[in-house]
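Going line by line, the protein sequences match chains A and B. Take 1 as the starting number for the first sequence in the working numbering and just add one per residue. Take 1 as the starting number for the second sequence in the working numbering and just add one per residue.
No lab work stands behind these hints, which were simulated from the structure alone. Treat the hints with care, since some could be wrong.
Capping the alpha-carbon separation at 20 Å, the derived lysine to aspartate or glutamate pairs in DMTMM-like fashion look like this [said to hold, decoys possible]:
#, chain 1, residue 1, chain 2, residue 2
1, B, Lys153, A, Glu107
2, A, Lys159, B, Asp132
3, B, Lys72, A, Glu175
4, A, Lys96, A, Glu107
5, B, Lys204, B, Glu184
6, B, Lys52, A, Glu89
7, A, Lys160, B, Glu184
On a predicted model such as this, the values are computed, not experimentally measured, just so you know.
These are the residues of each chain, in order.
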Amino acid sequence: MDILIQQLFNGLTIGSVYSLVALGLTLVYGILHIPNFAHGALYMLGGYITLSMMTLYGVNYWFAMFVSVIVVGLMGVLLERFVFRLLREAPPLHDKIAAIGILLFLEAFAQFVWGADFHTMTSPYDQVVNIMGLTFTMQRLLIIVSAIVVMILLYLFLKKTYTGSTIIAMSQSREGASLVGININKVAMLTFMISGGLAAIASSLASPINLVFPGMGHLVILKAFVIIILGGMGSIPGAIVGGYILGFSESLGATYISNDYKDIIAFVLLVVILTVKPTGLFAKGER
Amino acid sequence: MLKLSNVAVSYGSFTAIKHVNIEVAKGEIVVLLGANGAGKSTTFRSISGISKLSQGEIYFQNSPIGGRAPDKNVQAGIVQCAEGRKLFPQMTVQENLRMGAFVHRMKKAEIKHSLEKVYNLFPILKEKNHDDAGSLSGGQQQMLAIGRALMSKPKLLMLDEPSVGLAPLIVEQMFKVIEEINREGITVLLAEQNANAALSIADKGYVFENGEIVVQGTAGDLLANGEVRKAYIGV
Ligand SMILES: Nc1ncnc2c1ncn2[C@@H]1O[C@H](COP(=O)(O)OP(=O)(O)O)[C@@H](O)[C@H]1O
Ligand SMILES: [Mg+2]
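Please build the complete structure, drawing on both the sequences and the hints.
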């Protein structure tokens, strides 16, 4: 029983990270209509920037994360403005090629600046807390709480503010958005900024329990793809629920099946769910 | 109020419209007639700023607006209810209408007032308030599209084939509503293939063929014109 609860808690932790990454991916999908392969590289950059801020400038964890969110968010804006906007009229394949190009470039860039080594990020929250005989590390609790707070704020922004709802509107009909007087260039930049920011938050939260290295985004982004396919491309609830489903399946699978195979679970889940519901869990209607 | 002067628009190397001269006075209903592919929607897109001009100029209230971004045009009061409606299908009726008021987003009371007006004009929309736009019937979607356009308080409202695909009874209702909107002081530019109904409410019209205006005149003239009757009315 204790093991089960412990594993559910772990599932909640990694699920939180997956959900944040998948949310950013799904938001940008609404703009580009292709998955942004470069998203994993933004995640990786977020980790490095937070780490560098802490080690080089000695700033505290939260401020480092804040800088990281700003920098990676701006990075997203630049990608929109100088890459994807120019490809708007081009066939979707060009977007995909560009995204892969950006991914390769950013990884090489990270390796050039920070080297290929693995780094650890020490968080100030490495204490262990005891709750009813179960032990949790503070950092893991922090991941869960922060992720949920971020998701609630994002939800309120998208649902309750005019600016936020332009993102939803544009994902449902770009021309419709234009027709009601929305500046779609601004919305696209805003979406990339939020997406980059979410990636930076996710990696800054996850790095203290993982490692920082140039390829740190690979597995995460692959799984985020699985999640948004599971949840239905472009669906926001789908990204959140999908993230947690994957988190729970992985942590339970690691305990009860085999730790060696935990990274395969995502793909098994993908096959199973798409067999039962080919459009994904939260598929949107026709566009 | 609106003037197109020798306008041409190309899609790549294909010239969709050329030598288009149109004048719309304040308070008028002006109709663009023409078969599928004649260039009506392209003309609308050029006025909205969605398609760039390859030649000519467009004037709105005497200032040139050719090449201006679509959102600026909506702010200035040029609003289009496009072909295919372009609603936000997974948003509710009310959310769609609220998005229509995007350019007035700071004026809460004004939005509420506009919402009431649209609901008065189309009571069915109030009934379907919380339904997704995508779940509405064709006629209801068209009403929602017009309602959404009205929410931005247009000075010039462009309606692109509002009657297409609707049952005759609904079409009749639609044209009544258009007249009513016009009576409230909104200038209307209407693209239609349903020439008879459109001309019956219009002040004047332009007939498009292969991207050019071939006939123009008052609604009465066009209705009396044998060629127009033969081509677009069928009698
Ligand atoms: N996006 C586009 N790309 C290329 N050609 C187009 C596009 N839209 C319209 N056309 C062409 O431009 C011409 C005019 O079309 P359109 O303005 O839609 O006519 P209408 O609204 O009168 O049916 C047609 O020959 C059509 O095929
Ligand atoms: Mg048309």
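Going down the list of hints, with the structure as the test:
1. At most 20 Å may separate the alpha-carbon atoms for a hinted pair to count; Lys153 (chain B) and Glu107 (chain A) exceed this at roughly 50 Å.
2. Distance hint between Lys159 (chain A) and Asp132 (chain B) is fulfilled; the C-alpha atoms sit about 15 Å from each other, no more than 20 Å.
3. A threshold of 20 Å between alpha carbons decides the hint, and for Lys72 (chain B) with Glu175 (chain A) the separation of about 15 Å falls inside it, so the pair holds.
4. Under the criterion of a C-alpha separation no larger than 20 Å, the hint pairing Lys96 (chain A) with Glu107 (chain A) is consistent with the structure, at around 17 Å.
5. Distance hint between Lys204 (chain B) and Glu184 (chain B) is fulfilled; the C-alpha atoms sit about 19 Å from each other, no more than 20 Å.
6. At most 20 Å may separate the alpha-carbon atoms for a hinted pair to count; Lys52 (chain B) and Glu89 (chain A) meet this at roughly 14 Å.
7. Between Lys160 (chain A) and Glu184 (chain B), the direct Cα distance comes to roughly 32 Å. Violation of the 20 Å bound is thereby established for this hinted pair.
Figure legend: structure checked against the earlier numbered hints; hints not met, in rising order: 1, 7.
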